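Q: Residue numbers (UniProt numbering), protein chains in the order written: chain A, 1 to 267; chain B, 1 to 295.
You may find that some hints are simply not true.
[Unchecked claim] Label-pair ranges, simulated between beta-carbon atoms: (1) A:GLU132 x B:LEU24: 15 to 25 Å; (2) A:GLU195 x B:ARG198: 28 to 38 Å; (3) A:VAL118 x B:SER137: 45 to 55 Å; (4) B:VAL49 x A:THR119: 48 to 58 Å; (5) A:ARG116 x B:GLU36: 43 to 53 Å; (6) A:GLN266 x B:ILE128: 48 to 58 Å.
Just so you know, these hints were derived from the structure itself, not from any lab.
These numbers were taken from a predicted model, which means no experiment stands behind them.
Note that CB positions come from ideal geometry on N, CA and C, so glycine has one too.
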Amino acid sequence: MATTPTLAKADDEDESRTAVAHAARIEHVSKSFGGPADAQLVLDDISLDVAPGEFVTLLGASGCGKSTLLNLVAGLDSPTAGSLTTAGRPALMFQEHALFPWLTAGKNIELALRLRGVTKAERRPEAERLLELVRLGGSYGKRVHELSGGMRQRVALARALAQDSDLLLMDEPFAALDAITRDVLHDELTRIWRETGLSVLFVTHNVREAVRLAERVVLLSSRPGRIAREWTIDIPQPRRVEDAAVAELSVEITEELRKEIRRHGQH
Amino acid sequence: MASTETNPVKADDLAGLEAGLDALDTVQIRRTPVREVLLKKVLPPVLAVTLVVAAWQLLVTLKVADEGKLPAPSAVWDSLATMWMEGTLLGILWTSVSRALLGFLFALAIGTPLGLFVARVGVVRTAIGPILSGLQSLPSVAWVAPAVLWLGLNDSMMYAVILLGAVPSIANGLVAGVDQVPPLFLRAGRTLGATGLRGAWHIVMPAALPGYLAGLKQGWAFSWRSLMAAEIIASSPDLGLGLGQLLENGRNNFDMPGIFLAIILILLVGVAVDLLFFSPLERAVLRRRGLLVKG
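The shape of chain B in the complex, shown without the other chains:
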C-alpha cells in the first residue's frame, strides 16, 4: 500500500474543517415559548367555543325555539351545579370513564397481536383484512342488540360492544403502520442481522409506532362512542348510572338542560382523553423522530 506519512497539521485541519461544517449544517431546534403556545394553540379553540356559546345564547334571547326545546346556557350550567352539589357528577363520570378505559385496555390487548398477525401473515391478511376494515364502518350501536341477548344487561355486554367497536381500529392502525415502514429500514435491519422475530422487535414495531398510535387514538374514540351507544340503549338499574343513562333519563323526564349537559359531558370526556393523553403521546413520538412540522 502506498503510504505517505500523515501530516499532523493536515489531520488537525480536517478535524477543524469538519467541526465547522457540522456547526454550520446542524439545524437549531428550539422549543416554542409558552406565550406563543398560548397565543397560537390555546386561544383559537377557546375563542371558537366562546363564539358557539354566544350564538347559542343569542338564539335563546331571540326566542327562536321555546325553552323546552332549546334551554339557555345558564340552565345547563345550573343543572351541572346541582349535580355537583348533590355529589353525583363525579360518580357518573367515573362509571362511564372507567368502563371505557377498561374496555379500551382489553381492546388493546386483543387488537395488537391481531394487527401484527394480519400485517405479517399473508393468508391471514387476505382472509380477514377486508372484514376488519369493513367492521370499522359498522356502527357499534348495531352490536348492542345481540350483545344484550347474548350476555344480558350487565357490564360484560358493555365491554363486548366496546371491543367490537375498538379492536378493528387498533388492529387496522397497526397494519397500516407496518405497511408504511420504509423498505430501506428493513434492508438496513437485515444487514445488521435483525431478521425474523428480532427484526419484528427491533425494526418493524418501532418503525410502525406512529401508525399504531393513530390506530389507538381512533380506537379510543370508537371505545367511547360504542360505550355511549350501549349505555343509552341498554339502561337498567343494575348497571349503575353512567353518562349514557344520564342522557336517556333526561329524555324520559323531558329535562332538556339535563340532555344538553349529558351531551356536553360526553363530548368533553372524549376530547379530554384525546387532548390529555393521546395527542401529547403522539406528538412526543413524532417530535423525537423529527416528523413534527412546525407551522
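Chain A extracted, bound-state conformation:
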C-alpha cells in the first residue's frame, strides 16, 4: 500500500483552508534527483489541494516536473521534503495506454478488479459495465492491438475506474492521439467525471486542453517546478475548445506560460 487513507484534519494550522476532506493534499512538497553533491531540484515547495469531485489541471512546459509531481501523488516515488496525503490509492493513467497485451480489453479491467479484491463472480459484469461506461460495450474480448488509439485510452480509462479510487491521476493521457479523437475523448472524460463525481488531477502541456477540461488550472514554472499562477474556470460544461470563452482564457494563460518559458532564455 503506497499511502494510508488519511483525511485532512480540521485543526489544520492554515486557517484559510476549510475543514473538508481532500481527495489529495500536497503540502510543501519538494523533490530533488541525484546525490547530495549534484542534487537537482525538480519541484520546489508545492502546496496544492484537490477537493472531492474537483477537476484540476497541472499545466507547464517541459521540465516543470509535472509528471514527477503526479508520480509522487501516485505513490510511485517519494518526496524529498513535504507531505502528501490521498484518500486511498489513486488510479493513474499514462500517456501510453499501458494495457497488458497478453490480456483482452475486458480481462485488463478484470485484473484491476481482482487486485482490488472483487470476487470472481462480480468481475465480469463489472468489467462489462465499465466498458459500457466508456462506450465500448462490444469490445470485451478484443485484444489490445485490435483497438484504435482512442479505444485503447478508453479501455485504459475503464481500467483506471475499475480501481474504484476517489482520485484519478492523468499524465497527458491524450497527447498521442489525433485532434479529432482527442476532442471526442475530452467530451467523454467530462461526461464520466460528472457521472462519477471523481476528483481528477490532469497533467498537460496543452493550454486549450487544460481550459477545456478543468475547474481549476494550475500553472507550474520550470526548473524548478513552482506554482506560478492559478485560474478558476467557471465556463459552463460541456465546453468546446472552439468556444470563445475557452479561447480567450487560453490566450491569457498561454501568455503567462510563455513569460515563464522566456525567463529561462535570459540567463
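Assemble chain B onto chain A, guided by the hints.
A: Using the frame of chain A, we list chain B on its own:
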C-alpha cells in the same frame, strides 16, 4: 459546479461520432488463406530440400566420390525401408525422442525457477549469471565423459547430459524475458496494486513469456543435441538402441547409407518438434499480442 443540462441530442451525437471513429480507426485483422500459406510458407522449403536432394543425386551420378563415401539417395531410402519392414524404425526413434522429451521436462522444471531466481535477485545474478551464460557456449559433449564416470553407462547419465545442456538455455531465456519487460507495465501494475509476488505472477511472468518461449525453443535444441552426443559416445547394449547408437553402429559397420539415414533422422526429429510444437506455440503467443509482423 457549473452545470448546464446535457442535451440528449448532443450526447447521442457523441456516441455516434465515437462509433464512427472506432470503425474508421480499427485495424482489420484477417487470417492468411490456406492457399497463400501453402504458396508462401510451405513451397519454398520444399523446393529447397528438393534442390539439395537433386544436387546430391547429381554428385552421385557424376561419381564425384566413390559409393562407399557418398551413397545414393535411393540407397539411404532403401535402408529406411528395410528398417521400416523390420519394424525397428519407430522403436529407435521412440527411444531417443522419449529420452529427450523427459530430459527436457526435467530441464524445464529446474531451469524455470532458477531463471526467475537469477532474474529477480541481484546478488544471485551477479554470482551465477555469467556462469549460466558461459555454460551455454560449452559443448555438451564435454559433459559426457564425467557423466559416464559419475553415473555409469545408463539412462541417468543421458539425463544428466541433457540437463547440463538445456537448463542454462531455459534459465537464460527467462532472464532475458524478464529483463525485457517494459518498465511501463511494471509501473501500471504497481498502480493497480500488483506488487511483490502478485506483481511477479500477474505482470512479470506473462510479460516475459515471449523471451521464455524463445529460451524453451533453444532449450529443446540443446536437449536434443546433448542427447545425440551422449548416445554416440556412450554406447552399451544395456542402453537400448537410439538414433545416436544407430549412427555409431553405421560407423562401425562401414554402412554409409545407414550413417546418412541416422543423420537425416536426427535432423528431422529436431526440426519436427520445433515445427510442430514450439513454433506454433510461439506464433500463437505473439499473434495474440499483436507482435507478429505480417510480411
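Q: Hint by hint, which ones does this structure get wrong, listed from lowest number up?
A: Of the numbered hints given earlier, the structure breaks none, since each of them holds.
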